[in-house]
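Trainee: Protein chains in written order, with UniProt numbering: chain X, 1 to 454; chain Y, 1 to 454.
It cannot be assumed that every hint is accurate.
Identical chains blur together in the list; that is why a pair holds if it fits in one copy or across any two.
Under the rule of at most 30 Å between Cα atoms (straight-line distance), these lysine-lysine pairs were calculated in the BS3-like manner [unchecked claim]:
no., residue 1, residue 2
1, Lys260, Lys290
2, Lys205, Lys290
3, Lys205, Lys349
4, Lys205, Lys428
5, Lys205, Lys149
6, Lys439, Lys428
7, Lys211, Lys110
8, Lys149, Lys252
9, Lys3, Lys260
10, Lys252, Lys349
11, Lys205, Lys110
12, Lys328, Lys349
13, Lys252, Lys290
14, Lys252, Lys3
15, Lys149, Lys349
16, Lys149, Lys110
17, Lys260, Lys328
18, Lys252, Lys327
19, Lys260, Lys211
20, Lys110, Lys290
Hints were generated in silico from the structure; no laboratory data involved.
Note that the coordinates shown come from a computational prediction; the quantities given were computed from them, not determined experimentally.
So you can see what is in the structure, the chains are spelled out below.
There are 2 protein chains.
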Amino acid sequence: MLKSLQEIVGERVSSSLAERCCYSSDASQVSGYPDFVVRPANTGEVSRIMMLCNERDVPVVARGAGSGLAGGASPVSGGVVLDMSGMDRILEMDLENLQVIVEPGVVAEKLNWALEPHGFFFPPDPGSSSFCTIGGMISYNSSGMRSVKYGTTRSYVLDLEVVLADGRVIHTGSRNLKSAAGYDLTRLFVGSEGTLGIITRAGLKVAPLPKERRLVFASFESAEAAGQAVIAVFSQGITPSACEILDRTTLKVLRLVDPKLALPDDGDVILFEVDGSRDSTAEAAEQIEKVCRPMAITIRQASGREMEPIWAARRLVGAAISRLDPKKTRIYMGEDVGVPIKQIPALIKRVQQITASVGIPAMKYGHIGDGNLHVALFIDVNDPDQWDRLRTAADRIHRAALSLGGTVSSEHGIGLARAEYMAEQVGKESLNVMRAIKKSLDPRGILNPGKMGL
Amino acid sequence: MLKSLQEIVGERVSSSLAERCCYSSDASQVSGYPDFVVRPANTGEVSRIMMLCNERDVPVVARGAGSGLAGGASPVSGGVVLDMSGMDRILEMDLENLQVIVEPGVVAEKLNWALEPHGFFFPPDPGSSSFCTIGGMISYNSSGMRSVKYGTTRSYVLDLEVVLADGRVIHTGSRNLKSAAGYDLTRLFVGSEGTLGIITRAGLKVAPLPKERRLVFASFESAEAAGQAVIAVFSQGITPSACEILDRTTLKVLRLVDPKLALPDDGDVILFEVDGSRDSTAEAAEQIEKVCRPMAITIRQASGREMEPIWAARRLVGAAISRLDPKKTRIYMGEDVGVPIKQIPALIKRVQQITASVGIPAMKYGHIGDGNLHVALFIDVNDPDQWDRLRTAADRIHRAALSLGGTVSSEHGIGLARAEYMAEQVGKESLNVMRAIKKSLDPRGILNPGKMGL
Ligand SMILES: Cc1cc2nc3c(=O)[nH]c(=O)nc-3n(C[C@H](O)[C@H](O)[C@H](O)COP(=O)(O)OP(=O)(O)OC[C@H]3O[C@@H](n4cnc5c(N)ncnc54)[C@H](O)[C@@H]3O)c2cc1C
Ligand SMILES: Cc1cc2nc3c(=O)[nH]c(=O)nc-3n(C[C@H](O)[C@H](O)[C@H](O)COP(=O)(O)OP(=O)(O)OC[C@H]3O[C@@H](n4cnc5c(N)ncnc54)[C@H](O)[C@@H]3O)c2cc1C
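Could you put the whole structure together from the sequences, leaning on the hints where they help?
Mentor: Next comes the structure, spelled out in structure tokens:
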């Protein structure tokens, strides 16, 4: 096998223990050793690799930056890891057509650096955008703070070049902004977590940069009350460009990092960002203030430079948690639940009860305008009892979301970490349909086996 | 068969010649007689009908309002037409969650009437919205003037209830605004033209109504020059809420209908609409004027009441064409091509050459901001020679779009009218993938056979 792979990619394959160890996991708890690490340089190589692996029934797991939080890129069945991060060219900036053509290894932030001077941006903005790849974002349908207005990665993919399990190369869409011709294969591959094909090129739609941003932030008696404020704002027909919750534990952590942080310290906080022209942002910010004032303890606005440290702190949250107790580590489990907006207060309440009852401290933050709550559980990883309690908490959090008509993952994906909930999440018959589709494209089941509950 | 169907739906089935004739075609040239017309009242009935037809290999064609322009709802292989227009209840207005739950037979405009008092709307706006159904719109991924800003139907479908070929009932999404859990079955069914399942319920996302709209309209030396202006506006990062072209033939027709129409009569016209807050629309309109002024002959703005007759005239265009010559009829063929924005001037030029060379008069209008050009060819339908030339023109227009990297359908769909172009449109291997998916969900091929080139 090694020899055959070398015939295709030369030196860019390895089976050394060190390399295999480096590629054994993503940013989740899911891991397994691959047999080979391969770094393809172009579509032709990917196609030949797939042909080879299909012939020999060797599992293939694509990997971008390995920043995923669900184990999607973890090679739990051995076989080949395809490291796509080397295919990282921006092939075309076709801004007259509002689009760019990229290889899958392009890092999201680098794409935005290239777009900014032209007045455009690629809107999906995961917290990981300074290192995650476009291929990974497409495969997880990633999103972030601004999806409440701009939508998820799905909304920005026009066309994909995909290598199928048997090495065939297909194109899924077109460079037209609008086309009604055949099944929407593009969006079938978006969110498919490497189980249907390897993405080797993407045509992405870009959007004009907004001229102005403005922030309204308000503190509330409780996280539940904060959730009520979100419902009130949306019911008024206001669409903020971001709508984030930071509960009081999260704020405490942030203040440990930056004691001068200009955020209220008297409750649980919601950040509403609005963007657009100068006047329209001022108007929308006023409206939000008006709706929230009767419910809030304190409320303030910020614009321009003033906003920067606040957003910087928000981005830091996930990593900052260790400040609360340096002996403890944040574990990404049960961290990405979501519910319909109306159920936000109920979800917050249930999560509070769960973490209190199992005695695991938790920080709650997230894209609450999408109904998405990130629950950060942290434990001493050397204590098996804390691990047990963590697992119990994560499982109950997932089930709480499901019982509220919600989702076990708003944006981080299913991978292996959440595979056990798929039947309940999508329904037994829908899961069967997904399996039938998987089988029709990958009959030997070599693409990322074991993932997504397929 | 009639008896078995009666056991399921009672009186709501017919095999009379009159009924069969009424259901033999949609608004296109494609037709064929069904054997039975069935009007199901609920999901359970649809499921039992599918089970029966699957068992007996009887084709099933779903039909909404039959306003489609590609023959999607035409029962070309006989069998059962499922008239879904009777399942027309708005089941839930869940505006706190920014969504509504509807049956597929709800007419688009009626949904908007129900939403308006609450300050919301369902953005996709085909010219047919006063009669077409949500089920038809989902199945064609319909759109209209405002998709340039708001996107197509695809962007507003959260969740579907679908009856599969064998009668199984599945749900495809969830009521969450954001979820990353499994394949995006929702968007696989959007645009699938009744070939994968029967949609019996839909959860739709709605949007807040904009506070203000404003129109900028400008005339140009040529339709190509008008196309250049569109490129210039988009390159500035402006996103109009509508961007329509009306060529001089179209304007002539409109003036025959309304001689007082406040549109320029000195060239080919582009209408740019912007929406949002009062100040932001004024600002965007100013910007558009500034970009277009050097290229335009005349340029003007309109707002409020002043805009109404202009939009009313625009909506009338398709039907108004007979004013030019009452003996002639507009035939919807080659009517929905689209290209990447940059190619708009080239497409316009090619269409002009084609219609001149075959000697068929044509009116050109459409959602040019999406790259979508509606070419209205009109002929004396009693003249076989004109029919021949019409077919030649339509074929050349489709091929011109393809050769410019465009699409044979931006929004009207493939059906049978454009099925012959599918292999060239999507590529042979992609078409094979579509066929494999179709087969995995409908192994006996009873759902809308012959459509979409599958
Ligand atoms: C600090 C931090 C913050 C984060 N914040 C967010 C957030 O706000 N929002 C959010 O959505 N996510 C977030 N994430 C999760 C993760 O970063 C994103 O999902 C990211 O998009 C994954 O990109 P990647 O390149 O690391 O993909 P990987 O983890 O390498 O892979 C992700 C999945 O895609 C598949 N894949 C990768 N490349 C290809 C390809 N070319 N073809 C086919 N399949 C492929 C893999 O097999 C795997 O299933 C965060 C992660 C971290 C560590
Ligand atoms: C004057 C006029 C103007 C138009 N303007 C536009 C426009 O601006 N933009 C645009 O996109 N289109 C336009 N159209 C085309 C057409 O009206 C739209 O595509 C419309 O959405 C079709 O809806 P319908 O209910 O008539 O569907 P039908 O024509 O009845 O069916 C359309 C397709 O959907 C399938 N289908 C219907 N219901 C279901 C269901 N419940 N489950 C599964 N499959 C189903 C049918 O089998 C068929 O393939 C126009 C048509 C006319 C006549």
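Trainee: For each hint given before, does the structure comply? Return the numbers of the non-compliant ones in rising order.
Mentor: Those not satisfied are hints 9, 14, 20.
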